[in-house]
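Engineer: Now for the letters of each chain:
Number of protein chains: 2
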Amino acid sequence: MADAKQVTACVLIIGNEILSGRTKDANLPWLALRLNDLGVRLREARIIPDVEAVIVRTINEIRGQFDYVFTTGGIGPTHDDITAECVAKAFGVRLLQNPEAVARLRTNYARPEDLNAARLRMANIPEGARLIDNPVSKAPGFQIGNVYVMAGVPAIMQAMFDGFKHELVGGAKVLSRTVTAELAEGKIAEGLTALQGRYADVEIGSYPSYRLGRFALAIVMRGTAADRLTAAVAELKALMRSLGAEPTEEAA
Amino acid sequence: MADAKQVTACVLIIGNEILSGRTKDANLPWLALRLNDLGVRLREARIIPDVEAVIVRTINEIRGQFDYVFTTGGIGPTHDDITAECVAKAFGVRLLQNPEAVARLRTNYARPEDLNAARLRMANIPEGARLIDNPVSKAPGFQIGNVYVMAGVPAIMQAMFDGFKHELVGGAKVLSRTVTAELAEGKIAEGLTALQGRYADVEIGSYPSYRLGRFALAIVMRGTAADRLTAAVAELKALMRSLGAEPTEEAA
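Chains E and S, in that order, are what the protein sequence lines are.
With numbering that gives the first Met the number 0 applied, the first sequence has no gaps in its numbers, which climb one by one up to 251 at the end.
With numbering that gives the first Met the number 0 applied, the second sequence has no gaps in its numbers, which climb one by one up to 251 at the end.
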């Protein structure tokens, strides 16, 4: 794309349960849409297990490559929740009990003794990190450098993200137009290549689907200039009609 | 885990549409379960855009780290389908028109002229690769080294995988038991840590969920020795009861 400044992000999903197939991740598509609304382009996602060496290495690999890193998972009270200590190691800082985090946790438990040693682990935060509010169950996430560490439970992750998203600095928002037709991908491919050649600033994606024995095709056009998108969409519709198919534009 | 030989895999999902949030990936959970059945442990997944430099670099990074790499997406006839040429570059081999692939594609089109230049691109296969059958729409995937390249459309990907899965050599199958209870994670965390300490060969995961204002907890135990799992599950149930919660074991 031709726009001057792209703001990029990588999502890091931490948890054996996604890799075992037990749990279907719901956080990635939610974050993808939200980031797009903010003008932040999700350029990669990784799903990794609860293994310290892998988490530390991955965080250090990606935090230099993208403007923002968002992690989900591994910040609860149990033995398999090791994200905070791994992030501390990745940044080379100490993991310390954070007094403000302790105070927030206290508000979640009626009796002081309920804030036991395991739950207090959730107040261990890398030195220099800033807490991320958790309006659902109080145990905070945190931000250190360009890394935002959030819970894996979708309701909590979403509440955390919505609490800090106004602070994220995005670039030009990517607009998207989708046109579908009952058309074989192979029939439109040549015309689509030519169209892409004329619109270098529009990212054209071709997505076939196959259902009940029929192929359908969705062409997605993404870019930051609305007028260029509109022109490209008009050409696309004409191309589809010239191939005998009736284009339908999906509502935005 | 204590077993001698783990066979590992990484899944690489190639496609802008997943990263834009437009399409929810359905291939990863399907592959995760299938691989597990075969004794192959999915240790990482990456979702990357249709960008040549990223695809080439990622394939070369992961094919040395895991026993198997499975890619989905980017092998259709349109300009944004660049997986085959990227895999060829990653392996340092030529991308050649494969006669067997051409022959297979021919069977999919009633009229010879329907196998146009764009569709013929799907017969471009890295030199030395072996074709993967596509019983749905003929255009083959391929295998080169430890990398299996499949379509992104779930019905096609699944048919491809099921066609070659008998050739994959797995290690000991990971068995899994899941026990749920209405219990706060923070209450069981300490006992769970002690249990994990006694069962180093059992991977114990704690997965809270939050629905309608209530927290529920699923404890997943995974390992290769059925008797050790049974013993750990018995101890877990006793632990839950000692905390006043009634354990329920999920059907396998």
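Bear in mind the hints are in silico, worked out from the structure with no lab data behind them.
A quick note: this is a predicted structure, and the numbers were derived from the prediction, not measured.
Possibly wrong hints are sitting among the right ones.
Note that identical chains are pooled: a pair holds if it fits in a single copy or bridges any two copies.
[Said to hold, decoys possible] In silico DSS-like pairs for lysine-lysine, Cα to Cα no more than 25 Å straight-line:
1) Lys137 x Lys236
2) Lys88 x Lys172
3) Lys172 x Lys23
4) Lys186 x Lys4
5) Lys172 x Lys137
6) Lys137 x Lys186
7) Lys4 x Lys164
Engineer: Is it within a copy, between copies, both, or neither that the alpha carbon of Lys4 lies no farther than 25 Å from that of Lys164?
Structural biologist: Classified as within; 19 Å inside a copy, 44 Å across copies.
Engineer: How do Lys137 and Lys186 come out at 25 Å by Cα distance, when the copy is not named: within, between, both, or neither?
Structural biologist: So Lys137 and Lys186 pass the 25 Å test across copies only (16 Å; inside, 55 Å).
Engineer: Classify it for me, Lys186 with Lys4: is the Cα-Cα distance of at most 25 Å met within a copy, between copies, both or neither?
Structural biologist: neither (35 Å within a copy, 48 Å between copies)
Engineer: At 25 Å max between alpha carbons, let me know whether Lys137 reaches Lys236 within a copy, between copies, both or neither.
Structural biologist: Classified as neither; 51 Å inside a copy, 28 Å across copies.
Engineer: Is it within, between, both, or neither for Lys172 and Lys23, if the alpha carbons may be no more than 25 Å apart?
Structural biologist: Classified as between; 21 Å across copies, 28 Å inside a copy.
Engineer: Is it within a copy, between copies, both, or neither that the alpha carbon of Lys172 lies no farther than 25 Å from that of Lys137?
Structural biologist: neither (32 Å within a copy, 39 Å between copies)
Engineer: I want to check one pair: Lys88 and Lys172. Are their C-alpha atoms no more than 25 Å apart within a copy, between two copies, both, or neither?
Structural biologist: Result: close neither inside a copy nor across copies, 34 Å intra and 33 Å inter.
In terms of the numbered hints stated before, the structure departs from hints 1, 2, 4, 5, listed from lowest to highest.
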